[in-house]
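Peer 1: Single-letter residue listing:
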Amino acid sequence: MILKIQIDINIVGKKLLEEHLEKLQLDFTLKGIGEVEINQSISSAKLKELTLGLRKYGIEILESEKDILIQKIKDAIIEMVYMEDKLPITSSVSSYLSDKLKYRYGYISDLFSNITFTSIENFVKLQKIERAKQLLSNSELSCSEIAWKLNYSSIPHFSSQFKNVIGLTPTTFQRIIKKRREARNDE
Amino acid sequence: MQNDSIFVLLADDDEDDRLFFKEAFSNIKIKTIVKTVDDGVELMNYLTQTGNKLPNILFLDLNMPRKSGMECLKEIKKLEHLNDVAIAIYSTSASEQDIEDTFVKGANVYIKKPHDFATLRNLLEEVITINWHYQTSGLNRDGFLLSL
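From first to last, the protein sequence lines stand for chains W and U. Following my numbering, the numbering of the first sequence begins with 1 at its first residue and continues without gaps. Following my numbering, the numbering of the second sequence begins with 188 at its first residue and continues without gaps.
Any given hint could be a false lead.
[Said to hold, decoys possible] If we take Cβ atoms under 8 Å as the criterion, some of the chain W residues that face chain U in the derived model are:
{"hint": "1", "residue": "T118"}
{"hint": "2", "residue": "L126"}
{"hint": "3", "residue": "E130"}
{"hint": "4", "residue": "S137"}
{"hint": "5", "residue": "G167"}
{"hint": "6", "residue": "L168"}
{"hint": "7", "residue": "F173"}
{"hint": "8", "residue": "A183"}
[Claimed, not checked] Here are the computed lysine-lysine pairs in the DSS-like style, where the Cα-Cα straight-line distance is at most 27 Å:
{"hint": "9", "chain 1": "U", "residue 1": "K264", "chain 2": "W", "residue 2": "K163"}
{"hint": "10", "chain 1": "W", "residue 1": "K48", "chain 2": "U", "residue 2": "K218"}
{"hint": "11", "chain 1": "U", "residue 1": "K218", "chain 2": "U", "residue 2": "K299"}
{"hint": "12", "chain 1": "W", "residue 1": "K48", "chain 2": "W", "residue 2": "K100"}
{"hint": "13", "chain 1": "U", "residue 1": "K299", "chain 2": "W", "residue 2": "K46"}
The set of hints was computed from the structure by calculation and includes no laboratory data. All C-beta atoms in this analysis are idealised placements derived from N, C-alpha and C, irrespective of residue type, glycine included.
This is chain U alone, in the form it adopts within the complex (with noise of 0.2 Å):
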């Protein structure tokens, strides 16, 4: 179990932070498959059709046009079977509202977009060492809180 790959999903409908988003994993410890959606309806299509692999944790961005991540993530608390996704919320903004709100409604992981390539590479290697942690440790998710 421990040489498993995670399977990371992210919802942005930024090109440019997709790309990032997905070099930066390249070159991380711990194994990952990569997969970007564009937005927040093609999020849920993803996510509530049978048959597709769920990601072990999902970075969701919050301004998205179509579906916003405060819709989807509402949406996704309320299906039973994506109960054991670990959700980080990844936002350009980060007001202490907004951050709370988030992990009031259920989010796990807030995490403001850093504006350097470096600095986003060790935070996602950071929530993924976490994340990986709560899957492998038997540890409570109740209480899987992380703020960056």
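Isolated chain W, as found in the complex (with noise of 0.2 Å):
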């Protein structure tokens, strides 16, 4: 037996985009064909499982190839912070970007401070600090062998800048997260 079947593609389009975002619990308005407004912030973990989700059904979901761009710039930046071995200097962060990713240096950095609000140099600092307060928070190194693997010239200089970002020095950031962990613990 043969069934004939008339499909609408806009309505199956429609409800399976809907049913994707509502099983990911996002508030969002359906703006015409082709776009969606996400009307909160989301994480790149449920962003990704979207886009894998509706790729089945042939549905990408596009970027724009400036953000793209952007989003390879941290991956290299965030990739060379949490490198096993030590950090390449400051001087360098700049060639080992166009070289990776095959761009003039003065272009990705102009494209950076244009979309993110920071410059390039800003964002290594930042990267550097989150993975000193991860350093900190969760192994067992000093503040000397940090600084040492995340190229600070000395540990002053790492004390100072990570006091400079965050307002605390890393000592006084370490115990505060030491005595969050012992108060959840107490609870």
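Join the two chains into one complex using the hints; note that each chain is given alone, in its own frame.
Peer 2: Right, here's the structure in full:
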């Protein structure tokens, strides 16, 4: 037996989108064909889940070329900061990035500043501090070992940059994290 | 996602401070929507009522009548639906002890209220920019501490 079926592709697409967005508990508005506005911030994990979930049905989430490049720059910086070995020194970050991304440094640097409200240098500094925070909270490394690993010229340089960025010294930071954990465990 | 505006909520009983705060946000680069409430009770009512839009970042005055900022902070940390809200303490006092206590209780940012408008604007811009990085760059929120 053959069943004749009529499919309204627009309705299928709309329903599929709605179902996936609702499954992820996102607050959204469908804006005509091919555009959805997400009325909240969305984590990259959720965005990935959404992308993969929709891909099965031939629905692709499009990003602009520039957004993709920004993401690549961030990924490259994060990969660099989280390298197991010692970090490249700050002055060679620009050649590291232009080699890796195959763009002139001036171009990626301008693009980055225009879109993310911060310079690449600042982002690297921020990420290094993030890495330091992670090492301070989860590793047995001493401040001098962390300073060496992240390629700061000296412990005072590391401490002062840390304090400069987050307003607390590495030791105070470590003490707060430790107390927070103790408080959580007491509950 | 890069162009979304950030929803900022302030709980402060001082009317002038609320005005300055709103004014400061009207001239920073990142797009924001700012809402204010007058004290801790009003704040907790807002945060616990279903259907209300939750802030990306909450600025909390420590000294408020009816319910203090510290009490709000403790309650907020017990509410799971508020896990993703960054909390900035916005206070006139800045004793080392206050700062450390609020961080231990789960605050992310501590700002001592500055005396002039230009400094306020710069501080708030810095906080929002860093918070924005936490929102968009997948940084670990557990380590989000900032004292200004």
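Peer 1: Against this structure, judge whether each hint is valid.
Peer 2: Checked hints:
no.: 1; hint: T118; in the structure: 6 Å, holds
no.: 2; hint: L126; in the structure: 7 Å, holds
no.: 3; hint: E130; in the structure: 6 Å, holds
no.: 4; hint: S137; in the structure: 6 Å, holds
no.: 5; hint: G167; in the structure: 3 Å, holds
no.: 6; hint: L168; in the structure: 5 Å, holds
no.: 7; hint: F173; in the structure: 6 Å, holds
no.: 8; hint: A183; in the structure: 6 Å, holds
no.: 9; hint: U:K264 to W:K163; in the structure: 26 Å, holds
no.: 10; hint: W:K48 to U:K218; in the structure: 25 Å, holds
no.: 11; hint: U:K218 to U:K299; in the structure: 23 Å, holds
no.: 12; hint: W:K48 to W:K100; in the structure: 24 Å, holds
no.: 13; hint: U:K299 to W:K46; in the structure: 35 Å, violated
Of the numbered hints listed earlier, the single one contradicted by the structure is hint 13.
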